[in-house]
Each structure stands twice: as C-alpha cells, then as structure tokens.
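*Asks:* So the chains spell out like this:
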Amino acid sequence: MTLTATPGTPAATLGGRPASLRRRRTVGLAACVVAVLLAVVASLAFGARVVGPSDVVAGVLHPDTSDIAQAAVRSRVARTLLGLLVGAALGVGGAVLQGLTRNPLADPALLGISSGASLAVVLGIMLLGLSTLTQYVWMAFAGAALASVLVYAIGSLGREGATPLKLALAGAATTAALGSGVSMVLLSRTDVLDTFRFWQVGSLGRASFAELGQVLPFLAVGAVLAVGCARGMDAIALGDDVAVGLGQRVGVIRAVGGTAAVLLCGTAVAVAGPIGFVGLVIPHLARTFTGPSHRWLLPTSAALGAALLLAADVIGRVVARPQEIEVGIVTALLGAPVFIAIIRRHKVAAL
Amino acid sequence: MTDPVHTLAVEGITVGYDDRVVVHDMTLEITPGAVTAIVGANGCGKSTLLRAMARLLPARTGRVLLDGTPIDSMRSRDVATVLGLLPQAPVCPEGIAVADLVGRGRYPHQGWFRRWTAQDDAVVEQALVATDILDLADRPVDELSGGQRQRVWIAMALAQQTDVLLLDEPTTFLDVAHQVDVLDLLVDLNRDRGTTIVMVLHDLNLAARYADRLVALTDGRLYAQGDPSDVVTEQMVRDVFGMAARVVPDPVSGTPLVLPLGRHRTGRGTQPADEGAATPPTERPAAQPVP
Amino acid sequence: MTAALAPAPAAGAVVARGRRARTRRRRTVLVVLVLAVLAVAVLALCVGERSSSPAEVLRVLLGEQVPGASFNVGVLRAPRVLTGILVGVAFGMGGVVFQTMLRNPLASPDIIGVSAGSSAAAVVAITLFGLSGAALSVVAVVAGLAVAAAIYALSWRSGVQGARLVLIGIAVGAMLDSVIGYALTRAGVYDANEALRWLTGSLNSAFWPGVGPLAAALAVLLPVLLVLARRLPALQLGDDAAAGLGVSPDRSRLGLLLVAVAVIAVATAATGPIAFVAFLSGPIAHRLMRGTGALLVPAALVGALLVLSADLVGQHLLVHRFPVGVVTGVLGAPYLLWLLARTNRSGGSL
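Residue numbers (our numbering), protein chains in the order written: chain A, 1 to 351; chain B, 1 to 291; chain C, 1 to 350.
If you're looking for bench data, these hints aren't it; they were derived computationally from the structure. We treat Cβ as the ideally placed atom computed from N, Cα and C, and that holds for glycine. Hints are supplied without guarantee of correctness; some may be wrong.
To give an idea of the chain C side of the interface with chain B (calculated C-beta under 10 Å), a few residues [as the list claims (entries may be wrong)]:
id	residue
1	Gly18
2	Ala242
3	Arg321
Which chain A residues stay away from chain C? Per the calculated CB distances, all over 10 Å, these [as the list claims (entries may be wrong)]:
id	residue
4	Ala142
5	Leu193
6	Gly276
7	Phe277
8	Ile325
9	Leu333
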C-alpha cells in the first residue's frame, strides 16, 4: 500500500484541495517573504545610529568605509544574516519538533535543549578554557543534542507517549537540574560567570562572518533532512499506528526528523545563545494559513521565523537606545503571552 | 438510614461549556427511592445533565432543586451529606490503602474539630462489606483489578452515606461480567437502603433491565421518561439512536431487549431489515408526553 | 452477591485494626524524622572552624557564657541552624501542598515557576537597585504572591485545571528567567555573583535579626496552611470527586495556592530559593510514609533535614564552601530525573 494510492489519506485529500487553500498558502508565503525583506532593511537601518535607505543600499553593495553611516550598515550585515539563519532554523526546528511529537508546545528552550547547551558551554569555559564563540559552538551543540535526547526519552516514557504536559514538565525539570550544575560552576569561578552571563541571554550581537561560514553546513543539512521527512510527518500527525498503517516507517522518520531538529535548534542555540519561544510560536502562526501540511508549513515557518527574529532584534536595538536589549529577552517577553494564549485556547483534556 | 427520603429535581435548566449549550431547558423529577438510568446517543448531554445535577456545572438558566432548595444556594458540605457522586474518572492517590480511600467518603461528616471516630470505622467497614471487599481493606488500591477498583469507589460513595447517589457511567472499562456485578450491587443498595440512584449508562439493554425508570435524551432535550418497558420502543431507538432495531422481551427478565437490525445477516428474522426501518410508528408509550 | 448490611458483630474492627497499624507506622516515621532533624541540628551547632562539644553547646543554649563557644555557637551557628530548619519546613510543606493539589510530583512551585516571581524580583532588586536585607525580603514576598496570583488568573477559564496551571506556570517561569538573565548582564560582576548566590539559596546571611520575622510569619502562615490542607485528601481524588465530597475545587485551590506561595515566598526572601527542597521533600516523605496519611508534616521534617544536612556538606565537606542550594541542587538533580522517568512510566501521583 502506498500513501498516494490510498483514498482518504492526507496526501490524497491534498491532491484535491480547494483553490482557496492553495491561494491562502501562496499569499501567506509571499507575505512572509515580503516581511523578511522589510525586516532585513530595518535590521540594516536601525540601531544606535539610524541610517537612511540610500545609505543602506550603498552600505551593502559597495560600502564606502569612510562614511560612518555606510560603515554602520556594513557592520550590521553579518548580524542580519545571522538573524535570518537563526530565525529560520528555529522556525523550522520548532515545526519539526511539534510535528514529530504531535505536541503543540514543543520548543527548544522549553524542552531543555538550551539548558543542555548552557551547561556544556560552562563546562567548556571552565575545564577546557574555551574563550571564543567558535569554540563554544561545538560544546553548545553537543550539549543541546544530549539534552534533547534525554528530555524526549524521559518525556515519552509511559503509555500515552510524549504528551504536551509530560514533555513540558520533563523540559522544565531538566532545565532545573542542568541549571544547578551551571550554578555550581559559576559560584566557584567568578571569571567563568563573567564570561558566561553574556552568552546566557540569546543575542545576535556577537555575529561574525567566520561563524556564519561555520554554522551554515549544519543548518543546510538540517533543513534538507527536515524537508525530506515532511510527508512522513503528515502521516505521523494522524498517530503512530495510523502512520504505520499508511506504510510509513515511523522509526526512520522520527530518527531523521529528530536529527534535523537537533541540528537546527542546536546550531541556533550554539551560535546565538538560548532564544526561547521562537520555535514554539512561529509554527502556530504559520499553521493559521498553511494548514497542517508540512510541505507548506516548513518553508513558511522558515520565512516567518527569519522575519520575526530580525524584527525582535530590531525592537531590542531601538527601545533602549543607545543600549541594547538582547533578542532572547525580547522574544521571551513577546513569546510567553502567545504561549499562554495557545494553552488557554486548547482544551486541557487534549494536553 | 432513617433519614426522610430526599427529592432531586431540575427545573428548566440550560447547561453548557464555554459557548456551546449542551442541555436545553430541561425539566425532570427524579423518583425518590428508585433506580433511574439516563440513556441516549453519544453527545446527547447525558453526562452534562448528571454533572449539572451534582452541581459540577452551573446551570445558565433554571435551577436544580434538592429537597426543594436550589442546590447552589446550599453549603457544599451539606449537599455532600445528602447527594453523593461517583465521577467517571476519579484519581487514585498512589499507594493509598483501600480502607483509607473509602474513608475519604467520610469527609463531609467531619467538622473542624470532629476527627476520625469509631463510628467512621464502622461505616467504612459496612461499606466494604456491602461491596464485598472487606478482605482487601489493607491492600493498596494500585494493586487491584479494574472491577475491584470500581467496587472501592462505590464503597467510598457508600461511606458518604447519602440518600441520593449519582454515577457517571459506572460500568465503563469493565467487562460484561463486572458490568452486571456492579449493577447488581447498585440495585442491592437501592433495595436494602432505599438509596435513590441516578446513573448514566451506555448500554441500553442493561439500563432497561436494571433501572426502575429510564430517562432518554436526544440532542440535549428530554425525549421520554418512565418505565423501561414504556420508554424503550422501536420508535424510540430510531429517534434517539438513529438506528433501526427490533425490541423484544428479554427472555431472562422480561424487560425490553433491543436487537439492532443493521444491514447484514438479518435474513433469519421474521422481519426483513428494510421493512423494519419502514415500520409505522408503534403506539406512543404512555410516558411519552413530557411533563 | 448479597449485600450483608447488618453490621458485623464488632462493627469497624477490621478497618480499625488496619488503620491503627498504619497510624503506628506513621508515628514511628515521624519520631525518627524529628530525632534526625535534632541530631543534625546539634551536629551543625557543634561543627565549625572552631568546633565545640555538645555539652558546651547545651550550656550556651541554656544561656551560660562559655568562652569561645558563646560567639561561635550562640551568634553564628544557632541562627543559621534555626533559619535552616524554618525554611526547610516552609519549602517542604509548601512544595508538597502543590504536588498533592496538582496531583503531580513534578508540579512543585520551583519547577513550575510559581515561585519564580520572588527570584526575578529579588535579582532585579539586587542588581539594578542595590537592595538588601528587609527591603529585599518584602519585594520578594510581594512579587512572589503577585506572580502566583497572575498565573492563577491566567489559568482561569471557567475553572482552573491543574494541567493548565502547570503549563502557564512554566511559560511565566521561562519569561521571568529571561528577566533574570537580562538583570545579570546589566550588573557589575560583584552584584551578579551576589544575585547568583541568592538565586541558588544560601544560609550565609542568616543572623538573629532575620530569624524573628521569619519565625513570626511562618507561625501565622503554617497553621493556616495546615487547616486548608484538610481539603487535600478530597482534592486528590479529582475535581469531580472532590465536589461530590463537598469541597469546591476552585476555591480550595486558590486558598491553598496563595497560602503555600506565601509560605514559600517568605522562606525564599530569607535565604533565596534553595534548589529542589520544595520539590524533593514531598516525594521522599511519600516513600517514607508509604501512603499512611497526610504528607504535610513529614514533608516539612524532610525539608528541614535536607536543608540542614546539605548546608553541613556545603560548609565542611567540599573543597570549596558552597551555598546550601548548590548541594541540594547537585544532589537533587539525579533524583529529579529518576523520579521524572518513574512518574512518567507509571503515571503516578503523590
């Protein structure tokens, strides 16, 4: 039995989808792309110094470094690119996590992935004397991967599998557990605290082209894997048993998708620090106009995630000028209310 | 159990969740001292009606009257000494002993200063004897089978010593032997103690056999109420469950027995399926006109 | 089956026998716990840079002037031990109330963020406003209560359901964590260290002037909590069953939540949120009592025991002098993960 040949499967239904849904998806994706472009321009233009549109164009294309406005734009290019990548990675990573776990509350920060990265970075600073961001990336990545596997393993024990409540509690508890390890290190080593506390809030301000090059391959592989199991996740959405009945290899999809999520989220955390709620909120927003099909959800989440993360970064740069509020704090303050709204809308019985 | 018999009635209640109305303008009087079963299709508002009667859901309009007093104006604890409730999915604390769980039914009878007494021990033991689980008294509830657990919960409701007992699908998750067992137990209580029993039941045949009175709901409205043999007719099964069926006397009890017709394997009956579906309405049951 | 409704000859004898056996076991465990707390307290009074003998400690406690011991024991160690016991009792009792009320051993206030308000407010007060002492305590208590009330209000949708409360608590906690992170980056490294020490929980600032208010506040709050907690056995059976027993789930939960948070906030204001004590005491007490009744008092004793012993370990047994919260955190974390796995597998509750 193949998926497409079976009447009544999601794939078959999608084949005959109404034109209005297709139009909504196309328009939605286009709107997201426009939003990304606007966010990019805003990100290049705003900051401690506000730059006009002509200087933005000039600063990107052929910067005249003697002009201070164009130099400012130039210095924001790496940051903007990083914002795009991290936002897209978190959006797609969140959508994959939610799809694989059938869990509307899956998010890298809430599921303890960020705290795994934190502990690894602290240990790296303390034990290995790491001091540059490029070195942190590897530690953070390893920590994120380990923590996510641990949280998912614990959260999915039991008969009902990984319910939202169980996963959220497993994530919160793991965060608390790893957090006490972090405090133990920090309290005995003031020097580590002084380095670490700035990494601990997610920020795009430390971006450089060197790191961009370093993380790009990870993100690319993660994105390809995620898109590869989009169809599989559509089937998993109906329940594991149904997915098996539809001829999907659920174990393989879980493994591939899980790798994709860890690659995307882990890399994002590694390069930008813990940024909460983006991976959670973006797929929900995207789903309002793509519907549940992952082949539309993933690209739309990528675009929306990039746009919103950049926008949050710009807000953080603008509201407290000349100081900055890190993007991780902005997303937490903006994202938590959305999260609460999602919980309030869902029937608790379904949680 | 010398308390006067208590009465329970609902007067024009409308009940719902959030923006959805589930029970519409329902008026119903529960016969004191009888076993009443509420039946109906999925989503017809059976459990909602029961929950409203147990004051778990506030009525938007109308009132629930316990002994003629609106139930929401009474002290919660006072209600709990008259009206007991066994919900569909009570939560069992880990590691608790059977006798201790049953003892929690004594809560409404304990005041600020009055703690546990020998009287409470006696009532708990009586409840354990009545449900035939005295030998399990000191076992942890976790270790019991589903049927035994349901007995423990019923024993807890008994220890509450209420004259009215509401049960929301007391037989779900039980196999047929345990279903019959639980219903026998409830009828025992009714006969021996005069407890008024109101329960939501899924199985129409068991309801017809065990209940003195049936209340049939459809779409949140009262369809019929009365003696099972008056309420359960082929017409009623079609209207309430949307299903063609034969109704014959139960060879064991003489109560109505519903045999669904379905579309297949009906050849050996005296009446073909399509004819059954087209049968003109039988005479309306005496209890049909809703008061 | 026939219903043998005629009371047995000695009505209630079987039930009474079993109940008495369980009560005996309960008493034994409680006595052992009290003795253990006393033993550790005496040990904590004796041991230090300059250790004293139990006899000297006793003389100091009786008000005698003992050269050398009077200052060390009477001024330094006694308030520390007393504060440790008081906050341990408060965290233990407050935590177990949450776990029982929400029917989930993981739903202790430190995990689900209900007490995060105190921490966030205190860190902001330390780093951005330089507060300390009584003012800091007041800020922590008020903010703790305000945040808990907000979480309750946000969880309200024609009634508050436990699962929703837990999830919203986690969300608010995550938001407050980012506020803490922000405050830490804006502080000087000395203040950041101070704030972190506070966040971990420490008895280092426990001196006599602080003991009085702490004891007075708990003397008012703990009895109220104990009285309200008499509804817990009904609440434990699920909202519907509780209502059937005459306990209004929403009103009871609000009362229990506010008083339990007040208890925890008062303790947090005194020492900072000592990691995992609120979370660990209930499950440990549950295992000790094996379902023989209410967990509030045993959990309180376990809490006191945990804080005192962890402080002893942190002060004297490690290479560094660690605040008590680091010890409870590092010891508690594996237990937390184990409990998490076990709870999920069995779907159990307290």
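*Asks:* If a hint holds in the structure, say so; if it doesn't, say that too.
*Replies:* Going down the list of hints, with the structure as the test:
1. Of the supplied interface hints, the one on glycine 18 of chain C holds, with its beta-carbon coming within about 4 Å of a beta-carbon of chain B, less than 10 Å.
2. For alanine 242 of chain C, the interface hint holds, the least distance from its beta-carbon to any beta-carbon of chain B being 9 Å, beneath 10 Å.
3. For the restraint placing arginine 321 of chain C at the interface with chain B, the shortest Cβ-Cβ distance is roughly 39 Å, beyond the 10 Å limit, so the hint is violated.
4. The claim that alanine 142 of chain A lies off the interface holds: its Cβ sits roughly 19 Å from the closest Cβ of chain C, which is beyond the 10 Å cut-off.
5. Some Cβ of chain C comes within 10 Å of the Cβ of leucine 193 of chain A; the nearest lies about 6 Å off, and the non-interface call is violated.
6. For glycine 276 of chain A, the requirement that its beta carbon stay farther than 10 Å from each beta carbon of chain C is not met, with the minimum near 6 Å.
7. The Cβ of phenylalanine 277 of chain A sits about 7 Å from the closest Cβ of chain C, inside the 10 Å cut-off, so the non-interface label is violated.
8. Some Cβ of chain C comes within 10 Å of the Cβ of isoleucine 325 of chain A; the nearest lies about 7 Å off, and the non-interface call is violated.
9. Against chain C, the non-interface label of leucine 333 of chain A is violated: not every CB pair exceeds 10 Å, the least being about 6 Å.
Taken one by one, the earlier hints fail for this structure at numbers 3, 5, 6, 7, 8 and 9, listed in ascending order.
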